[in-house]
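S.K.: Residue strings, one per chain:
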Amino acid sequence: MIRGIVVYALHGIEEHLRSWTFWLSVVALPAIITIAVLPDVLSSDGQTPLHVVAPSVELRALIEDAAADSEMDIALHKVAPADAKVVLHFDGDAPGDLKPRLVVAKGDAPRRENRRAKSLVRQIRKRALLTDAQRALLDAAGADDSDELDDAVLKSLMPAIVGLFTIFGLYAGFSSATSLTKSRDEEFFNVLRLGTPSAVIFLGGLLERAALGAIVWLPICVLVILTPILIVLGMAVLQPENAVDYLVWTPGLAAVGTLAGYLVAAGAGSVAGHLTRDSPVLKGTGQIAPLLLLFMMPAVFRISEYSITEPTFLLVIPALGPVIAAKGLVDGLPQVWIPIVGLLQLGWCLAALRLGAWAYGLEDGMFDDLRRRFRRAQ
Amino acid sequence: MPPTARLQGVTRTFKDVTAVADLDLELEPGRIYGLLGPNGSGKTTTLRTMLGLVQPDRGVVELLGGPPNDASRGRVGFVPEQRGLPDNSKVESLLVFIARMRGFSRADAKRRASEWIDRLDLGEKASDRVKTLSNGQQQKVQIALALLCEPEVIFMDEPLAALDPQHQDLVNRHVREAAANGATVVLSTHRLHEAQTLIDHVVMMYRGTKVLDQPLESAIEEAFDGTWRVRATGDHSWIEGPEIDAITPDGNDLVVRIAAGENVRGLLSRAAEAPGQLRSIEAVLPTLFDLYMTHARRHDPAAEIPQ
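Keeping their order, the protein sequence lines are chains V and Z. Just so it is clear: in the first sequence, position 17 is 17 by my numbering, and no numbers are missing. Just so it is clear: in the second sequence, position 27 is 27 by my numbering, and no numbers are missing.
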């Protein structure tokens, strides 16, 4: 039986490896997405100074301190320079009475500028709330707000990573499910089933999907591993102990994103494959899937951001996946098995989450801890 | 020798339609069965029930000595009516895959795949993807998949569809060879002329019921209506006799119809008394098509013989 499972899975993997759409998902699509996303995510806040207009001397001093703490490159002005496209205005005189206002000369506010402005405001408010004694203590201990800076970077990186991986998962799941369902639904499956236990086909299909998922993840796994290492190396001078956050959370969220996306898409794909198997027009969905996914990116990012600020939402995605995916994964099994397999898969997903939590030392109160971490990052 | 497959009192309905009703059927090893009948007569349901792909509502199904299970179905070859090969698979890799799923080692699977690729004249297409093949070539791949693992029972649903005469003959030879080696072959088809040269047992179904189950030879003998084709020279008056119903000229021949219950002996006796006049005489046996139409008309008087 094990041999049958392996043979089945290997055949499916070989078939996919020969398919250009598969490689599109593995190489081309990640490349496109990476090119589209990384400049925004990884660009330094200090590339161009953020123009800040503050009316009072006291406020200007506070802003300078906050910007220095954040290593943010700003240009302070009494009045807005005429050639500045993005200007952060502060109305009000007292630090406790700040009213930040971002003014954009034309077009949409670049996300990066917006983020920098928000980060600066946060820093200023934080410093404004500290007493002189606290500030002196903080400076003496060398515990500047690099933790806050880390949080800002984390906040930028994590939606991107979750979103990125969700997209990969979606694409891989969709393409593999449509093709598998197509072949399973047709007469070839009846030929294949002769003498092959249903369990072999089911477990072989599962193994095949898992392996294909791993292959799809591979290029981005390199990014996932390399990126935090590079960040940690780069930040070593500042706060090396925070490296753990990057090393732990980025691959963790990537895995969750991929798993969730993969399962949801495998389910949707299997249904789509089933419904469209006789439709020449809709059969083309496999070919246009990459484009659709590119268009889906903003929505996926929103969902990712929401997932991070409300981590319990993460549970919803993998919980939906198995339920929908069950149909596609159990083609060929008697109907009665479908809910059973769905439950097994749900358990598997929850176990994976639980295992991840245990591995990251978050066994108890995992989501409370998640929520706390990301609320703090807000 | 025990039957390779047996249906006893099998009934299967789909919603309000009874696809197969109280069907009894036994298949013996080494024989080629022609499963005939109009569309919707229950042929495909019968095949699928024997394979265990369709569960009967009632009745007993046995395949290779017991209820169809993974072990017995692993000894079966199946050519489905509709082609459903995975588009992106390469021919050789597909054959190797199926052979390996049936338990053969990689080396053995490759050897078998290569052998059947040659046998079915697919050598030039071995490395091609299924989607690039013509319908006929895809059909040959389906047939190769069915015959690859030397099955003991072979179910073929319209196997000759899309094949040119040359490849029909090629497939027929392999089917005969499989039967000669002891396999039971069940051929569901509407191609009666081609089937007549291949099958040795005819099973005909009509509206889910079996209406004929007989060796082809005896079925044809039974259906023989006493028509003889006679070629003679000179005066033909010796042909006439009390047992002769009708004499109809047909080109250089005469088609002579002998009355029911009579035989050809009287005619041959008179031929002996008119030496040199009878050149040849042969029975005009009904074809499989005639058999089919006879039964079709018997169960549906509105059925017309196509011109």
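No lab work stands behind these hints, which were simulated from the structure alone. Even glycine gets a Cβ: it sits at the ideal position worked out from N, Cα and C. Please note that the accuracy of each hint is not assured.
Stated by the list, open to error - With a Cα cut of at most 20 angstroms, we get these calculated SDA-like pairs of lysine to any residue:
#1 V/LYS85 x V/ALA61
#2 Z/LYS90 x V/LYS78
#3 Z/LYS131 x V/GLU14
#4 Z/LYS110 x V/PRO55
To be verified - Quick list of simulated restraints, FRET-style, between CB atoms:
#5 V/VAL6 x Z/LEU285: 53 to 63 angstroms
#6 V/VAL6 x Z/GLN82: 23 to 33 angstroms
#7 V/ALA199 x Z/GLY30: 46 to 56 angstroms
As the list claims (entries may be wrong) - Partial selection, computed: residues in chain V whose CB lies under 7 angstroms from chain Z:
#8 ILE2
#9 SER56
#10 ASN190
#11 ALA199
#12 PHE202
S.K.: Are the hints correct? Go through all of them and say.
M.R.: Hint check results:
1. V/LYS85 x V/ALA61: Not satisfied, since the Cα-Cα distance of roughly 24 angstroms exceeds 20 angstroms.
2. Z/LYS90 x V/LYS78: violated, 72 angstroms
3. Z/LYS131 x V/GLU14: Holds - the C-alpha atoms of V/GLU14 and Z/LYS131 are around 17 angstroms apart, at most 20 angstroms.
4. Z/LYS110 x V/PRO55: Outside the cut-off at roughly 83 angstroms; violated.
5. V/VAL6 x Z/LEU285: 53 to 63 angstroms: Holds: the Cβ-Cβ distance is about 56 angstroms, inside 53 to 63 angstroms.
6. V/VAL6 x Z/GLN82: 23 to 33 angstroms: Check passed, 30 angstroms falls within 23 to 33 angstroms.
7. V/ALA199 x Z/GLY30: 46 to 56 angstroms: Distance hint for V/ALA199, Z/GLY30 is violated at roughly 34 angstroms.
8. ILE2: violated, 13 angstroms
9. SER56: The hint is violated - V/SER56 has no Cβ within 7 angstroms of chain Z, the shortest such distance being about 70 angstroms.
10. ASN190: This hint holds: V/ASN190 lies near chain Z, its Cβ roughly 6 angstroms from the closest one there, short of 7 angstroms.
11. ALA199: Given a least distance of 10 angstroms, the restraint on V/ALA199 is violated.
12. PHE202: violated, 13 angstroms
In summary, the structure is inconsistent with hints 1, 2, 4, 7, 8, 9, 11 and 12 from the numbered list given earlier, while agreeing with the others.
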